[in-house]
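Asks: Each chain is listed here by its residues.
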Amino acid sequence: MSTDVHVSSLQRGGRLAGRGIGRLFVWSWVLFSLAMLVWLILAAFKRNNSVFRDLWALPDSNEIQNFRDAWDLLNLARTTLNSVLTVGGGTALTMAVAAPAAYALTRMYFRGASPLISFFALGIGVPVHAIIIPLFVGLSEVNLTNNLWGLTLTYMGVSIPFAVFLMTGFFRSLPSELEEAAVMEGAGPLRVFFVMLPLARPGMVASALIVAVGLWNEFLLALVLTYDVDKRTIGVGLLNTFGAMRYTSNWVGLFASVVIMLTPLIILYTWMSRRIIEGLTVGATK
Amino acid sequence: MASISLHAVTKRFDDIGPPALSEVDLEIEDGEFIVLVGPSGCGKTTLLRIVAGLETATTGELLIGGSDISGVPAGDRNIAMVFQNYALFPHLTVAENIGFGLKIRGTSKAERRTTVERVASLLGLSPYLERRPGELSGGQRQRVAMGRAIVRQPAAFLMDEPLSNLDAKLRVEMRAEISRMQRRLNATTIYVTHDQTEAMTMGDRVVVLNKGVVQQIASPADLYRYPANAFVAQFIGAPTMNMLVGSIAGGRLVVGTAQLKVPERFESADGPVLVGARPEHVHIGDRGIGHLGGHVVLVEHLGKEVQVHLEIDVPLDIDDAHGDASEAFVATVDPSEAPVEGSDVDIVLDLDQVHLFDRDSGLTLTRP
Amino acid sequence: MASISLHAVTKRFDDIGPPALSEVDLEIEDGEFIVLVGPSGCGKTTLLRIVAGLETATTGELLIGGSDISGVPAGDRNIAMVFQNYALFPHLTVAENIGFGLKIRGTSKAERRTTVERVASLLGLSPYLERRPGELSGGQRQRVAMGRAIVRQPAAFLMDEPLSNLDAKLRVEMRAEISRMQRRLNATTIYVTHDQTEAMTMGDRVVVLNKGVVQQIASPADLYRYPANAFVAQFIGAPTMNMLVGSIAGGRLVVGTAQLKVPERFESADGPVLVGARPEHVHIGDRGIGHLGGHVVLVEHLGKEVQVHLEIDVPLDIDDAHGDASEAFVATVDPSEAPVEGSDVDIVLDLDQVHLFDRDSGLTLTRP
Amino acid sequence: GNDDDSDVSPTTEAVSESESDAGDGSAVAPEPEDDGGAVAPEPEDDGDTPEPEGEDGTLRYFSMWNEGEPQQEVLQGIIDSFEEDTGVEVDVLWAGREVLTSVRAALSAGDPVDLIGFEAEPLAGALVNTGETRSLASVLEQQIPGEDVMVGDVIPSSFLDIYAVDGEPHIMPYVVNSSGIHYDGRRLTELGIERPKTWDEFIAASLAAGENAVQHDGLINFYNAYWLYWLIVRHGGPGAFNAAASDPTGEAWRSDAIAGAVEDLVELVESGALAEGYEGSNWPIAQQEWANGNGTFNINGTWLASETASYSSEGFEYRLLPFPTTEGGFESAEVYQIGWVVPQAADSPRAAQDFIAYALNSERLAGMVDVAKNLVPRSDIGVPPDLQDAVDMLAASPAGHRPYDGVQGDYPEYWIEFMLLDDQLFFGQISGEEFIDRIAAKTAEYWDSQ
Amino acid sequence: MGVPSTMDVSPPHLRHDGRRAGAFIAPALAIYLAIIMAPTVATVWISFTEWRGIGDSPEFVGLENYRHLLKSDTFWGSFNRTLAILIAGGLVVFFFSFVFTMLLREMRAKRFIRAVLFFPNIVPPVALAIAWGVLLAPRNGLLNGFLEAIGLESATRTWLAPDLIFRSVIAGLVWIYTGFFITILMAGVDRIPKHFYEAADLEGATPRQKLFRVTLPLTWDVLSVAAVLWVITAIKTFEFIYAFGGSGTDPSISTWTLPVQVYAVALGNRSPIFALGQGSAIAVIMLALVGVLVVLVRRIMRRRGVEF
Ligand SMILES: Nc1ncnc2c1ncn2[C@@H]1O[C@H](COP(=O)(O)OP(=O)(O)OP(=O)(O)O)[C@@H](O)[C@H]1O
Ligand SMILES: Nc1ncnc2c1ncn2[C@@H]1O[C@H](COP(=O)(O)OP(=O)(O)OP(=O)(O)O)[C@@H](O)[C@H]1O
Ligand SMILES: [Mg+2]
Ligand SMILES: [Mg+2]
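Protein chains in written order, with this note's numbering: chain A, 1 to 286; chain B, 287 to 654; chain C, 655 to 1022; chain D, 1023 to 1472; chain E, 1473 to 1780.
If we strip away everything but chain A, and leave its shape as in the complex, we get (with noise of 0.2 Å):
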């Protein structure tokens, strides 16, 4: 007994070994995640000329300037909006149609419903840039596009699939006594999904986060189905700093861009992460 002792507790400091240095290959994997994001800020803050010099120096002052620079060219007003209005319309567009649809693909066990979930969640595999071309036409023959209209009308588009197939998940698990509790109680079809929606509402937003994310760093379809200065989106502004400050050098406005762009996403992240996080995984394993 004793030497079994022995031998096992060789082999359990073996395993602690394993496990250690995987512990702090997961470290640092982390640090490296948190460093490049820590280095982009710092960037933001430097000058020009030093910026590339000594990469992990401070900042030797407070370029404010990088931040108005940014701020001007992203036209951040102009661009925040056209996003929270197509972004925001969209996502709500898309939870107002995918979630009656979800619910009837699942909970109204009508013939042909599973084959039509299939179909819903084909679209998932459909890439962005196998129906741009066609969608580009297609949108300017009824003037829809370079109109934020068309452009909501996209996004929701391209974003149901996913919502459909998340929302199924959540509304599969549902518990159905409920549905039944409230159909003896003698409500109509209508009245039941309305009683059911409180009871997806976790799932709902978190579909509508990660819907929300997508869509927010989404620039391809804004910048193909919109031009105009004042209908883009804060991706394509992004993209358009992007450009504009490399061929001005001006890095450092580049990264003060950057970062503009990303604290709201690290507000709303460290805010709702576990949200998101749950929404997502909800969907993919259910």
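A portion of the hints provided could be inaccurate.
Stated by the list, open to error - Derived contacts from chain D toward chain E, CB cut-off under 10 Å, selection only:
| id | residue |
| --- | --- |
| 1 | Ser1124 |
| 2 | Leu1129 |
| 3 | Asp1133 |
| 4 | Ala1148 |
| 5 | Glu1298 |
| 6 | Ile1307 |
| 7 | Gln1451 |
| 8 | Gly1454 |
| 9 | Tyr1468 |
It is worth saying that the hints were derived from the structure and are not from the lab.
From a predicted model like this one, the values you see are computed outputs, not experimental measurements.
Glycine is no exception: its CB is placed at the ideal position from the N, C-alpha and C atoms.
Given chain A's structure and the hints, the job is docking chains B, C, D and E with the ligands onto it.
Replies: Chains B, C, D and E with the ligands alone, transformed into the frame defined by chain A:
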């Protein structure tokens, strides 16, 4: 309040296999409390759901208050259902949960409030009206579910194992409370349970289902004393009734090597039979005075009584729902009479209390 | 096989609040069957997991087979555990589940096969070896879990409410089977349950825990007859022991308005007491001959006996775990003696059988 | 800047002249001066009689500049004064280098695009060559507001002819760049190296210049292509590269001239003169280092001075070396124009033309020189000090040629495939022979599939 | 597992004819059809035409576009790189995700770590690309600077040289997506009841045995979803690569993948080609690739279907 009648109700979920319910006939009087029992999967829930309108019968007729309501949707049947896990809306307060049905029906806000408050005080829920279900104990939730059911004065109550989620102690209390409530409201009630005690104590009549077929409909006492067939006999009562294989020939009841006098009640019987003896009707004596020989396998001291597990040399008829049970014969005796484990004993059947069943059909040979 | 000793084992999950286990001392002999009972959250599972090595004690000593194994990881303790829900691997067949431990230990394929087959036939699982857990009934799964535990002949078995997921009937059968199995293997066993019957029937000794503190360690019969304190008295036995508030003064036992003779056993007692009477030690008579007056609230016919719920005019000491219980006093009587619901009756306590407890400490005043 | 403000009054007159048939109430249009007869496609324009009606005084201008770039600031100043002077509202889109994506989006949505400003080569490839732009012949006849000259007088026809269609100009340049090899004048002096003239001298100078002699951002494919294209043009003369690219058989790649060019390039690659890691240098890393004094030469467009101005080391002396000559080769200068086109689909072509003429005013255009540090097509405007060499080079050159000899503009798809092979050669992954074999085959294959 | 022909299994109160459910689904379906499905079909058609999309009308050319692509080195480069992301990137992403998930399971800061690792997934790809470019710059990049600082000068590389640049891109994608897949796998692993691990512990299983005998089999369905998601993600990846090359400077051809090429050929780029037919043909090939691979992955990982 209303009577409920099922005429030859059959329900099939698929084309293959036996139906979930088969030719069920059941007449429930206005105000009656009916308990539905049976092994798992026998169709209890299905029957309830058909009455509720959550399921449609494949064939047969369903009448509530005398009129056929097969085509009437669940919401319009004026029936209330208490679900096993209560199905309370987690996002609504107690008051809103109770008042949900009224709201759906468009009752005015003021009226709703007074009604809900009345019901809540009836159930002792008044202090909790603004809480949500998540903040209530199991027993309180159960009462909210009851409240939602009674608030709109339905024609009938359906309850599907409403106590099975509660712990033993609370179950005893809620059992008494539901009985009392039902008596006060005098509401027609169908109550599904798989709990022996609930079955025996709550209902006016008990319906025993097995594999979708009604086995017996009777008062609890009659069910216990006069089971209509071997299934009911074994299903009702715990520990289960011991069932021995025997036969009657020439006026003697032959069980294993024992030749017993056939009790008067059965004198007309003849041929292969099953002999049923409840554990409390089995006595244990010393070698030489009993009917059958047995070997004590296990003695379980339950405090006020002792359960003696025996191996006997007579074939037993084991309830086929649990076909893999080890063949055991159980006697319940007074602690003072407990034999020693491992000893060989004599077994005496209380012939005045034994049941005889036809070995083929399983039907009782006892005439009550 | 091995003995298990716990010396002053304390377990804290957090720094605030009382510990989950506090100063537990327990000596389990080689081959003994110990049952662990107690209300929910009292630390039963925690104790088991400490023995298994899935949890480490905060302080205290744990010896298996005489040697301290606090630092030995679970896998090296040679202990098998049967989980409440069996923890069968859903992706493995019955044979693979049973043989899992052998495989992990690198036993050769051939040897594994023969061992698994032997165990399977022992447990009557041979026909199911190729099935997956999802395709088995509850009882069969339970046996697979047992099989996985016994296949590698561990020093001890730990079982955490292994029967709680089974239906009542199956539970009775599996209970007997586990007892028999344990006797055959003569394996040291710690068995956690919250089921009265299991506690009373299965163990050599029963450990009653409450809030992490050992209340009593005794044989089932002693536990029932000589509960060490009011908690044990009320915890063991169903329906629970009725507990009345009384006092002894001047050689008289005063309960409500009744002045009773103090049984000989308690003559030295004095001051405030609790009077415990099990339902079967309460008799009901006509007005005028009893000790106390009561009102019959509910009569439950359980077949072989009747439970009478009474309202009495003496304060009751209610188990605070169920503080919201309606104050009920229960008597179990013979069907022939059942009173009528709603009637007023006299209650006679069997003074030879009542228990007295110190009202402050709850400790028994009975000397066994 | 404030230059523009001083031009207010003359411009008003000038514009009113050309606004003759605009019928725009807001514009002052006293004399209906005829400018129609001069231009051939005019009848076509007149065919769309309602078109001028649609001109509600708005000019839709898509520009290649990003907001914040100096060129954009200069143009914005011009636009502001144009609006003030003429009452025409200029709706400008600073679209960045992917301006054509936006143009395409607007055009296919039926939105008007009146004026596009971009590099001439992609304009030629994407729009001019496919007939989607208007002739600007009439602009040449327009007087430049505020000056006594016509556009045709100040913009050399040699620039215009490069992209002419049927002899008529379609792209009107406002910036003229070129390319060559840049260096810090001081540094060469310090190193005691003579300014090299020929390829051999250049190689020798590079080797003498020490580490990282030739800085190069190798991740930009078209920077890599500078070397080979220049060498081919030097060895085979202007048009040689274009001819090779457009030879359907691909055999033109096997000429001696190209063999010589390839050989020279391989010499450079193998010489070790290129800075270490040039093949993985992510723009603008190399030019940044070069400007910081780490390295001597950098091949680039003439915009390099303005691009690196903000971080170049103190006292940096911007000098430009014309691409080195080869023995028995040709001399010519690259003319890299940035200009305007007016699309066929324009709603207000007239306003667009007016704007072109307006912006070409010497004082206004001077901003491009003074602020943006670019060269402009008008020789009567000054020269940014750092680009004197470039001006000299252009002036001294006996001939001009298109950037990349027009291959990029004329055959954009082919250009991509070319760059892919060129990279391999330039990174030393394939030998010169291999390169020639492959590019010849590729060329034949490409033309085969057209 | 279709519905039995004559019997209705679903409860009648919840069963609805198509019409009622239709009202719930119609809006989403309509937009989905209009924005995703119709253009998808149109793309297939356009891929058989030659079309510049400015004023001209499509001219049917049959398989010409495809034939052209098959001969194009650029296309094959993009195609191979896409596959490289898919396979090499996939292996690395899944390897790390698994190792991390296992390690994180027992780490106290697992929530925090997971949140940090997931973070790149919500950062604009442009920003990530900028950061990545700065990191890998050859001479004054953060990575080489770091390596020099810790005395590993021999380990410095020209990370963006042609032979490494794509690996660097893949490394960037791995950095971004590992967090995403860790999250999904962790959710799968967290779903596994603790008692399975305890049962394995009691049997003395090593971490590796637990991985292969408990974790893997019990997360198989989640893994299969993750694999499908990876296929889609890998083939779709565009923003990071595109922005990595910079704006206004076309991404270096040595980093092109299929979506980048679609963009370059059909939509934009500095010197645009506007070959809509050809762009569509590449898009169709991408679609086919997604379709084939998703089916393949699901077949390989078959067992208990996961909604897709
Ligand atoms: N929706 C359904 N589809 C197919 N078969 C069903 C369905 N619902 C119930 N069944 C079958 O009908 C039979 C009766 O089921 P039911 O739920 O009524 O049993 P039960 O008596 O309530 O059992 P339990 O005590 O386990 O709740 C079972 O065999 C069951 O498998
Ligand atoms: N991992 C844990 N962290 C914190 N507290 C715990 C943990 N596990 C158990 N506890 C606490 O320790 C106490 C004892 O828990 P334990 O699970 O042992 O109870 P139990 O007797 O098994 O109860 P039950 O009958 O409900 O299973 C409880 O108060 C519980 O909340
Ligand atoms: Mg049921
Ligand atoms: Mg427990």
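Asks: Please go over all the hints and tell whether each is borne out by the structure.
Replies: To see whether the hints hold, each was checked on the structure:
| no. | hint | in the structure |
| --- | --- | --- |
| 1 | Ser1124 | holds (9 Å) |
| 2 | Leu1129 | holds (5 Å) |
| 3 | Asp1133 | violated (12 Å) |
| 4 | Ala1148 | holds (5 Å) |
| 5 | Glu1298 | holds (7 Å) |
| 6 | Ile1307 | holds (5 Å) |
| 7 | Gln1451 | holds (7 Å) |
| 8 | Gly1454 | violated (18 Å) |
| 9 | Tyr1468 | holds (8 Å) |
In this structure, the hints that do not hold are numbers 3, 8, in rising order.
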